[in-house]
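Engineer: Chain residues, written in single-letter form:
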Amino acid sequence: MRRSSVLAWPYLAGLILLVAVPAVATLVLAFTEFSGVQPPRVSGFDNFIRLAGDRQFAHALFNSLVFVVVAVPLRLVLATAVALLLHQRARGIGAARAAAYLPSVVPDAAYALLWLWMLNPLYGPPALALHAVGLPAPGWLTDPWAARSGVVLMSVFQIGEAFVIALAARRAIPHRLYEAAAVDGASPRYILWRVTLPMMAPVLALLALRDVIYSFQASFVPAFLVTGGDPNYATRFLPLYIYEQGLVYFRLGYAATMTLVMFVMTAVVVYAQSRLVRRWRLL
Amino acid sequence: MTLRVTEAHKSYRSRTRNIVALKGVDIAAAAEELLVVVGPSGSGKSTLLRAVAGLEELDSGTVEIAGRDVTHAAPGERNVAMVFQEYALYPHLSVFENIAFGLRARRAAGVEEAVREAADHLGLTDALERRPDEVSGGERQRVALARALVRRPVAFLMDEPLSNLDAELRLRMRAEIRDLHRRAGATTLYVTHDQIEAMTMGDRVAVLRDGTVEQVAPPGELYERPGNVFVARFIGNPPMNILPAGLLGAPDGTVTVGLRPERMALVRTNGRLHGRVVMVEGTGADALVHVDAGGHALVVRTTPQDAPEKGSEAAVAFADQDVHAFDSAGGRIE
Chain A
1 MRRSSVLAWP YLAGLILLVA VPAVATLVLA FTEFSGVQPP RVSGFDNFIR LAGDRQFAHA
61 LFNSLVFVVV AVPLRLVLAT AVALLLHQRA RGIGAARAAA YLPSVVPDAA YALLWLWMLN
121 PLYGPPALAL HAVGLPAPGW LTDPWAARSG VVLMSVFQIG EAFVIALAAR RAIPHRLYEA
181 AAVDGASPRY ILWRVTLPMM APVLALLALR DVIYSFQASF VPAFLVTGGD PNYATRFLPL
241 YIYEQGLVYF RLGYAATMTL VMFVMTAVVV YAQSRLVRRW RLL
Chain B
284 MTLRVTEAHK SYRSRTRNIV ALKGVDIAAA AEELLVVVGP SGSGKSTLLR AVAGLEELDS
344 GTVEIAGRDV THAAPGERNV AMVFQEYALY PHLSVFENIA FGLRARRAAG VEEAVREAAD
404 HLGLTDALER RPDEVSGGER QRVALARALV RRPVAFLMDE PLSNLDAELR LRMRAEIRDL
464 HRRAGATTLY VTHDQIEAMT MGDRVAVLRD GTVEQVAPPG ELYERPGNVF VARFIGNPPM
524 NILPAGLLGA PDGTVTVGLR PERMALVRTN GRLHGRVVMV EGTGADALVH VDAGGHALVV
584 RTTPQDAPEK GSEAAVAFAD QDVHAFDSAG GRIE
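Order-wise, the sequence lines are chains A and B.
1 is the number of the first residue of the first sequence in our numbering; add one for each residue after it.
284 is the number of the first residue of the second sequence in our numbering; add one for each residue after it.
A couple of the hints might just be wrong.
Interface residues of chain A toward chain B, partial, derived using beta-carbon atoms under 7 Å [said to hold, decoys possible]: (1) Glu179; (2) Pro188; (3) Tyr190; (4) Pro198.
Far from chain A, by Cβ distances over 10 Å, these chain B residues were calculated [said to hold, decoys possible]: (5) Ala336; (6) Gly385; (7) Leu440.
In case anyone wonders, no lab produced these hints; they're calculated from the structure.
Please read all numbers here as calculations on a predicted model, not as lab measurements.
Note that CB positions come from ideal geometry on N, CA and C, so glycine has one too.
Whenever a hint applies, use it, and build me the whole structure from the sequences.
Structural biologist: Shown next as structure tokens:
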């Protein structure tokens, strides 16, 4: 064995302990009934059959899919737009870039608490501003769709990583191409659609794939801390429902089944996306 | 004149110093003329070309294209096409779409036919569906030319378009560009640092140094009657020998004289300059004989068969009409 492989050991140890072992345990537990108190009991496909008829699971799945379908494109468009806006060298651009990245470095719990205040229908700043001009504030935490929008809204500010990657992709496009397009008389809009976005497309496609995976999981903290899964279970996303089943009601086998299903679903969506991306010859 | 630059001044400010790229440049190219701008690195030739394209704004001076003052016009409004040194092809688009780019951007009609015709001219028909990274360096160069050609502009601007090609391909593309220029009949401003390229391609050649035009003349005149010492040495390879006038007993006012290595001969008798051979360089076809003539270095071009031994005595002969005389400022004396 080469000596350099020694460097990989700590990483491998972490990978095995924190990823591989829990993954295998989840896979095994999915076929058991396990409360955490008594030893697991093999139950075959019972959990899967129960899952198929679980309307609350279907609702949570729907919530998660809505979140992914709305939040991923929004986050991607916003990250790209901010990157295109801030890619040029100009006075104060460093501060603007830092501001765009900043919400991503705030710890999730602190960020969620901040939004709990922001979304308060009585004394949250957006509500106060709307009241000041005589407009009604949306019931962020009382109306189901307003609550879902609220969680999406929270997520669209945490685009720091996607922004930095999109910024790097934009800056990697040779300046000569823009000069050639300028001499050819192309309008800024034509250049955006014909040069900039297609040239950034492989990176944007990767970001989309990554964001889908992230979004299936990222709804946990806001749902747990800001909305508590309500109103009327509108923000009970899959991760929160799995958490409740596993760690509130101690149905660990059932929670493992749902985790497995969520994993397979994420894999299917990512696979479908990657096929599309290949078809368009983006990667 | 189709293309005229008058009194062009341009300077850049870097953090540490001010770089003056153009110091009052005047050039003009006639309709259908291929005007080559040649000069060493940093002479301002690329800045000049970019100013004509509209990619650089001049500090002062004017640019006129087809009788219209375009000094402040956007690049796309100047009706010029540019071929860049690194081709600047769009890597995600097919060769066809690369050629069509300018036409589509302007919503021109007949894109398909125009692109196919240009591709046919340049032998790119089989490569149309491929992407730039799937074609050879020479083909990429042709795509860049086709992209310019297809727009039918008033003027072509070419920024060292052959410098990324190997020697053989460069030779072939030189002829192709000349041919293309003749067929397209558009005024062409061609920038290069390679004096051979300048001499073989230009109808006229403008020699630039430090942001100033040293001389504009047809290649033959540039070689036979260089306007000053800089042009004399820049044009021709190996460069012209510049010697103190006293060595030859030249007329009054002459400070230096110039002799081209290929216009001198090594002789046994009646030599006009005498010295010792310090080095002989063989290039295959020729031999370059380096002679030390009383402390002054000079190079004589001869055949390998006639090349003397290193260290031997050398007598150099030349005709009076081949002697170029220059004054104290380096200017030519007729």
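Engineer: May I ask which of the numbered hints given earlier this structure violates, with the numbers listed in increasing order?
Structural biologist: 2, 5, 6 and 7
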